[in-house]
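Undergrad: Single-letter residue listing:
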Amino acid sequence: MTAARSSSARFGAAPSKATARLILVITAILFLLPIVAMGIFTFRANGGGYTVGHYLDLFNPALEFNYDVLFQGIQNSLILCVITAAIILLLMVPTMVLIEMRYPKLRRIMEFICLVPVTIPTIVLVVGLVPTYSVVAQLLGSDAWTLAFAIGVIALPYAYRPVAVNIAAVDVRTLTEAARSLGAGYLSIMWRVILPNLRRGIIAAAFITITVVLGEYTIATFLGRTTFQTGLVQVEHGDPYVAIIFALLALLFGFVILLIIGRVGSIRPKNKD
Amino acid sequence: MTSLAQSRGAGETLRRRGAPADRRAGSGAGVAAGWIGLVPFGVYALLFLAIPAVLAIASGFFTVNGQFTLANFDTFADPTTQKDIIGSVGLSAVTAVVGAIAGAIICYALLSMRPDGWIRTIVDSASSVFAQFGGVMLAFAFIATMGNTGLIGIIINGLFGDNAYTSPLYTVPGLVPVYLFFQIPLMVLTFMPAMEALKPAWGEAVATLGGTRRTYWWRVGIPVLAPAFFGCTILLFANSFSSFATAAALISQGGLISLDIFRASTSETVIGHANEAGSLALAMVVVMVVLMSAYGALQRRAAKWGDR
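Which chain is which? The protein sequence lines are U and G, in order. Note that the first sequence ends on residue 257 in the working numbering; no numbers are left out. Note that the second sequence ends on residue 571 in the working numbering; no numbers are left out.
Just chain G, with the same shape it has in the complex:
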């Protein structure tokens, strides 16, 4: 399960402090020892991050025998692939928009709770569980809730007779409620800092000038929060677009681009299809880079108000 972006805040904190001038005064031997200390992590990142990332993207350009080809990109002309890309985009768009709005409403309610109180601690922890830890287990929770023999099924069959309920869970549209259970919490985690950055003084200023709460929201709150809100919506889209575990636990056929990557990657015996996973992965990286750049730009725009 991805989770993203809380990590982004850390960099801001570091940068704000500003690096003092490098007052390094170590001996020559000390400096050499220092560089050696950086090597193990560097080698690790090279072997298990850089090389796999390059292999994933580059493999789309090669046949299984190692010859350069563009044939793997033919998969994008395949109606099934096209349908699955539309499925991924549609699912991500719906759950990002609904998740962002619902998450923002929850953040709004949390504003009147004490920041260090137990309600906030529980909401934060529960949000992390749903947003980052869930995956397969979230899928199981929905099997127990909306599956053919789940709680809702029992209730509906009890009311309308046996077999009245057919579970929508094992289709792409059926994933919408499941995905919302990690999208809404991710919105709470990433949007709450922006909400908290609203200065009480602005509310006082609006009130002193005779403004109502409606004036406050239209003229101050919404304009200040808009970049962060749209940034987080994009992040949610990226999160849903790249998620795999929940869908894989519920849907055995295709329907989403992440499921197609799995199918292509594990069907290496089918000649000619092995490296289509690479071309699909490349397409996904392109989408992710665009989305994350837009997110980064909107976060910087949003941070304008935070530093004052």
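Next up, chain U with everything else stripped away, as it sits in the complex:
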């Protein structure tokens, strides 16, 4: 209360710098606590005391068998990243551009489809994915890469947003008409005019898709496939230290990816304003 009184010269919503800093420092400490705890945990020796042994275990051939499932999961998840990103970039993005260029009336339908996975959560969708994948397995086999189709669906809401915001900002129709009046065909317009203008949205969509794939657990565990997350959970039962080393690394990796998206997104094109 004294803070509010002493700052009566200010008006509007923003708090004083001191109040804001206090709140943010408390938040930072609370949210860093589990991350720091993870870091400390990875150096804890089994019987008490501290050791770097858990990091060395990763390179110990005698223990390799224990971590096989995790390394297999990481490999599968990396393949899934590539295929899922391809689904987003080769199916969702061109469809959104085509709708913007030729069928703007379908925009609402596209938005609806891409946002459905918000209302029908993964835990529900996966109940129907189990029978769907018994058919998929007959056609394409039951390798982990087939999960990309399902994970692509749950990535839609995340990937849709940056691309939609980017499309709204560049006026695809005017660009298209300008290019057409200069004699360009549709493929040429798409490749040489539209895609370069949507670069930021597309990069953000690809990166966010990668974080969705790497963080995905529900689908993989329902369908019994080995991915990074299911590998982590299995390894955690036998060797929590190694599981937490990888979880910590993945959290930091995710943070860096999202930081890049944040910086890419915050550099606004100057020509608009």
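Each hint should be verified, as a subset may be incorrect.
Cross-link-like lysine-lysine pairs, in silico, DSSO-like; alpha carbons within 30 Å at most [to be verified]:
{"no.": "1", "chain 1": "G", "residue 1": "462", "chain 2": "U", "residue 2": "1"}
{"no.": "2", "chain 1": "U", "residue 1": "89", "chain 2": "G", "residue 2": "567"}
{"no.": "3", "chain 1": "G", "residue 1": "462", "chain 2": "G", "residue 2": "567"}
Derived list of chain G stretches under chain U, where covered just means 3 residues or more per stretch with a C-beta under 8 Å from a C-beta of chain U [what the hints assert, rightly or not]:
{"no.": "4", "region": "382 to 390"}
{"no.": "5", "region": "451 to 463"}
{"no.": "6", "region": "515 to 525"}
{"no.": "7", "region": "550 to 562"}
Bear in mind the hints are in silico, worked out from the structure with no lab data behind them. Keep in mind the model is a prediction, meaning the values are calculated, not measured. Using N, Cα and C, we set each Cβ at its ideal position, and we do this for glycine too.
Given the coordinates of chain U, assemble chain G onto it according to the supplied hints.
TA: Frame of chain U, contents of chain G only:
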């Protein structure tokens, strides 16, 4: 991990621009080629979104042999299911309310930081990691913090002697702090746009008319932000209600409706229970549709101030 709703903003942006009249001038062949271009995504959405969604909901009405039945809904008379629904609702309500209040306070503090500064970028990225990426890894972070051999355990055992600490982590109430670590960041991500839409001119107007900051908050800030705040609280509830990975990594028995769906779905050998996952999934969809409709309505109410 779900995450929801930032996506909602995109549609608003698009709509505001307004669709120009359709000045399509393509040749007949071009139009046909265009429609064909829509087919691959349409087929994909049909096969991996529409069909699984319908199968998930419809399977609750059938036996494993494909005969129509309502027997799967008997599960709602089962005391275990009822207890787990109460568990899910309770966990979601507590973490939604606490998460919304804490998140709003953080948004309030962020108002005095530069929108394009590095603090905002870090907070946004960290919020996305916790809110959307975390899942299993967040569960592990809490094993390292509050687990039986976690940091807090070591400190308490050090102070009060060995075995003084019993971890509360592997029960439903123990999930509250874990869930807050994705609920608070989700609140920051979804509520911040509403906070930023508060116009500086309103503060100046209140000050010119002799109002204090307290007047400003009671007469302007809180009334303007209320629809967005309640909308985001509902979104947080939905987020917690439908989340699975964090709970599954910590709790091996039931206790939550999402864990029950997993158990029912993977125990297909138990005759008569296989399609109970479908009826539980249907119940969850009904709850989600109601929640998301309420969220959508409150967001539209909140957007009233944004467009001026």
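Undergrad: Each hint should be assessed against the structure and marked as holding or not.
TA: Outcome of the hint check:
Straight-line distance between C-alpha atoms of residue 462 of chain G and residue 1 of chain U comes to about 19 Å, which keeps the hinted pair within the 30 Å bound. Between the alpha carbons of residue 89 of chain U and residue 567 of chain G the distance comes to roughly 24 Å, so the proposed pair stays at or under 30 Å and holds. A hinted pair counts as satisfied when its Cα atoms are at most 30 Å apart, and residue 462 of chain G with residue 567 of chain G qualifies at roughly 13 Å. Check on the region 382 to 390 of chain G: 7 of its residues sit with their Cβ under 8 Å from a Cβ of chain U, so the three-residue criterion for coverage holds.
For the region 451 to 463 of chain G, the stated coverage by chain U holds: 3 residues have a C-beta nearer than 8 Å to a C-beta of that chain, and at least 3 were required. For the region 515 to 525 of chain G, the proposed coverage by chain U is satisfied: 3 residues have a C-beta within less than 8 Å of a C-beta in that chain, meeting the threshold of three. Beta-carbon proximity to chain U at under 8 Å applies to 3 residues in the region 550 to 562 of chain G; the threshold of 3 is reached and the given coverage holds.
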